[in-house]
Amino acid sequence: MAADLPAEFDVVILGTGLPESIVAAACSRIGQRVLHLDSRNYYGGNWASFTFSGLQSWIDEYKQREATTDEPVTNKEQILENEGIIPLNQRDRTIRNIETFSFSKSEDSNIVEEIGALSIKPELLNTNPTDGDQPLQESPAPEQPELQEPQSESVEHQETTSESDQIPGANIAPNSEGGSTTDAEPNAAKVCQTESRKSITYSDIVREGRRFNIDLVSKFLYSRGLLIDLLIKSNVSRYTEFKNVTRILTYHNGRIEQVPCSRADVFSSKQLSMIEKRTLMKFLTFCADYEQHPEEYQDYKDSAFLDFLQSKRLTPSLQHFVLCSIAMVSKNTNTVDGLKATQHFLRCLGRYGNTPFLFHMYGLGEIPQCFCRMSAVFGGIYCLHHSLQCLVIDEDSKQCKAVIDSSGKRISCNYVLVEDSYLSEVTCAQVQYRQISRAILITDCSVLKSESDQEISVLTVPSEDGRQNAVYMTELCSSTNTCMKNTYLVHLSCPSVKATAREDLEPVIQKLFTLDADGGE
Amino acid sequence: MSMEDYDFLFKIVLIGNAGVGKTCLVRRFTQGLFPPGQGATIGVDFMIKTVEIKGEKIKLQIWDTAGQERFRSITQSYYRSANALILTYDITCEESFRCLPEWLREIEQYANNEVITVLVGNKIDLAERREVSQQRAEEFAGSQNMYYLETSAKESDNVEKLFLDLACRLISEARQNALVNNVDSSLPGEGKSISYLNCCNFN
Chain Z
1 MAADLPAEFD VVILGTGLPE SIVAAACSRI GQRVLHLDSR NYYGGNWASF TFSGLQSWID
61 EYKQREATTD EPVTNKEQIL ENEGIIPLNQ RDRTIRNIET FSFSKSEDSN IVEEIGALSI
121 KPELLNTNPT DGDQPLQESP APEQPELQEP QSESVEHQET TSESDQIPGA NIAPNSEGGS
181 TTDAEPNAAK VCQTESRKSI TYSDIVREGR RFNIDLVSKF LYSRGLLIDL LIKSNVSRYT
241 EFKNVTRILT YHNGRIEQVP CSRADVFSSK QLSMIEKRTL MKFLTFCADY EQHPEEYQDY
301 KDSAFLDFLQ SKRLTPSLQH FVLCSIAMVS KNTNTVDGLK ATQHFLRCLG RYGNTPFLFH
361 MYGLGEIPQC FCRMSAVFGG IYCLHHSLQC LVIDEDSKQC KAVIDSSGKR ISCNYVLVED
421 SYLSEVTCAQ VQYRQISRAI LITDCSVLKS ESDQEISVLT VPSEDGRQNA VYMTELCSST
481 NTCMKNTYLV HLSCPSVKAT AREDLEPVIQ KLFTLDADGG E
Chain S
1 MSMEDYDFLF KIVLIGNAGV GKTCLVRRFT QGLFPPGQGA TIGVDFMIKT VEIKGEKIKL
61 QIWDTAGQER FRSITQSYYR SANALILTYD ITCEESFRCL PEWLREIEQY ANNEVITVLV
121 GNKIDLAERR EVSQQRAEEF AGSQNMYYLE TSAKESDNVE KLFLDLACRL ISEARQNALV
181 NNVDSSLPGE GKSISYLNCC NFN
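One line per chain: the protein sequences are Z and S, in this order.
307 is the number that UniProt numbering gives to position 307 of the first sequence; each next residue is one higher, with no gaps.
172 is the number that UniProt numbering gives to position 172 of the second sequence; each next residue is one higher, with no gaps.
Pulled out of the complex, with its shape left as it was, chain Z reads as follows:
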């Protein structure tokens, strides 16, 4: 197949994640001849989104890769005398320790076996935590995904919770199947499947599996963020469809509450007193153009944003709303950064709807593909399931002048861009990596019920002592085309602190999905 690939390009790009795809589109757009490859047979690399069965295959593939040894194959015949090579990984080592769980008992024994096949065994991936070489400048809070976020581990929780007539709490009692996880390495990622005894069953999920678009990396976008600007400027937006996040939630005093953030929200809020409403409106109005009133925060420039909020006489609830859900910063963030974040939030508010965030229909995994389409439209050549063995370096100039593809063919090029998961540990020895714990759940009721069952919610759960980073959760409804009807797709993430993702996220999951019983009413 690759035999008819041309032997010369201007730019060769390996990996179809978001950063690579944006570069591919940009290069094609200015007339460069681009070859864009991915070793996988799907787009997006670790930015991909999968159907239910697709996710299972992905997990299986990881297991398989784990079993195979990574022998660098290099076709030496293709290398000239004054050339060196940089061998590339043939498998991705960025995601570690995928675990799968099953949380409920099933009535349908046939189906149980099918789940068991996937979920009894925790999938353990002893892959290296290498991914994302750029240290992140920004908070792990919902960000424009053009910042390459090292996705070193991914936790996948999938569970459906019983909707039944009981209290709308999720039934997350780990059963023996899923519980027995052995973490040989830190950072476990888990896939939990829970069947509910009523309404949605596991077989429903399997049957409707293609209704799911489960992102490995879930993010939402600031409506005035750089990525949105780029999508519009580049015309890539014509391939995209977004929905506005409909609710911003927060976890406060043991319950889930909706955060009033727009003017209308504040006025109609039932949880705020009249005085709080006035204080909050006044404060938000100030934040919208805080630079105009330096006198207001001059004295707090070097202190924490929280101190500043206190000085403005915001009540503890208001402080919590502003800090955790509007600015989305930590307690230690300084005043100016907090003000900036609040201002950005306010500026994004109302551009497309009542919250500042957008979510991509069919999942984030579509966005890299849209940039790839743009590149293809301008002549970029696409070849999935095709990788590179090595880069060929000219010894004199120390520049990469060619690559050897997985079929052993030499392709000359001026520039090469390689997603860092393809680079060996030796090559990336100097790079600092950051790890993220992730969990994905499939539930059948919302963490906070409302009149509509089609809410797209963002929830911040601050750590209990306020020192660690908060856990961010998104809950997607079926109209985002990421999950089947009557289910919700829940993503949780936080920077990894503890040894495993499970340890990082399980407490929050238990909290949310049991406390939900109270919060639901």
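Worth flagging that the hints you see were computed from the coordinates, not collected in a lab.
Remember, it's a predicted structure, so these values are computed and weren't measured experimentally.
Some clues are possibly wrong.
Partial list, derived from the structure: chain Z residues whose beta carbon lies under 10 Å from chain S [said to hold, decoys possible]:
no.	residue
1	H36
2	R210
3	M374
Chain Z regions said to be covered by chain S (calculated; three or more residues, Cβ under 8 Å) [unchecked claim]:
no.	region
4	235 to 244
5	376 to 383
Far from chain S, by Cβ distances over 10 Å, these chain Z residues were calculated [what the hints assert, rightly or not]:
no.	residue
6	V23
7	P87
8	F283
9	N414
10	S450
11	P495
The beta-carbon is built from N, C-alpha and C at its ideal position, and this holds for glycine as well.
Mind docking chain S on chain Z? Use the hints.
This is chain S only, laid out in the frame that chain Z set:
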């Protein structure tokens, strides 16, 4: 241009092996051209043609693969929100016919459930080199619940008919959906295009 200069807008997507004449079909229909020996088209994302059927203006947005089919690397997002798919093969090329089940799998996986699929056997002007009989293709199309049509982009045979028939079917489908008015199911195009909203929001 106002948003209301048409009654219906449909997205039609072409798929099929490289070299079966997808781009030629589109250009024949939208521009009345048959560019011989045409290479890969650069910079053309989709073509638009507005047709009038029974007094109603139907805007057809016709998308081509941008060459990504060459190495079987079409993006899933290409299929999203398509109202109709034109699955094309070359009647003089057995291989392009044999690949159809593979394409159907992709459709099954990524396209909307309600999508209308038409099977098109192109290049009937080269009848003397035919490798796939009409009967075989008809049977295959029937078994897969697809409409079938043979065309020649070169001679302009059946090209107009292909798109106009499709437009008619799309209209009646859209009417039915409007009647059923299935609130729960999210239909393609329900999400918002940011650029459209953008221009509306700027003062």
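Going through the hints against the structure:
1. H36: The hint holds - H36 (chain Z) has a Cβ within 10 Å of chain S, the shortest such distance being about 9 Å.
2. R210: With Cβ-Cβ at 6 Å, under 10 Å, it holds.
3. M374: Since chain S brings a Cβ to about 8 Å from M374 (chain Z), closer than 10 Å, the hint holds.
4. 235 to 244: n = 9 at 8 Å, threshold three: holds.
5. 376 to 383: Result for this restraint: holds, n = 7.
6. V23: Correct as stated: the minimum Cβ-Cβ distance to chain S is 16 Å, above 10 Å.
7. P87: 24 Å, holds
8. F283: Holds, because the least Cβ-Cβ distance between F283 (chain Z) and chain S comes to about 25 Å, which exceeds 10 Å.
9. N414: 20 Å, holds
10. S450: At about 16 Å from chain S, S450 (chain Z) clears the 10 Å cut-off, so the statement holds.
11. P495: Label holds. Min Cβ-Cβ 29 Å, cutoff 10 Å.
Violated hints are absent here; each numbered hint is respected by the structure.
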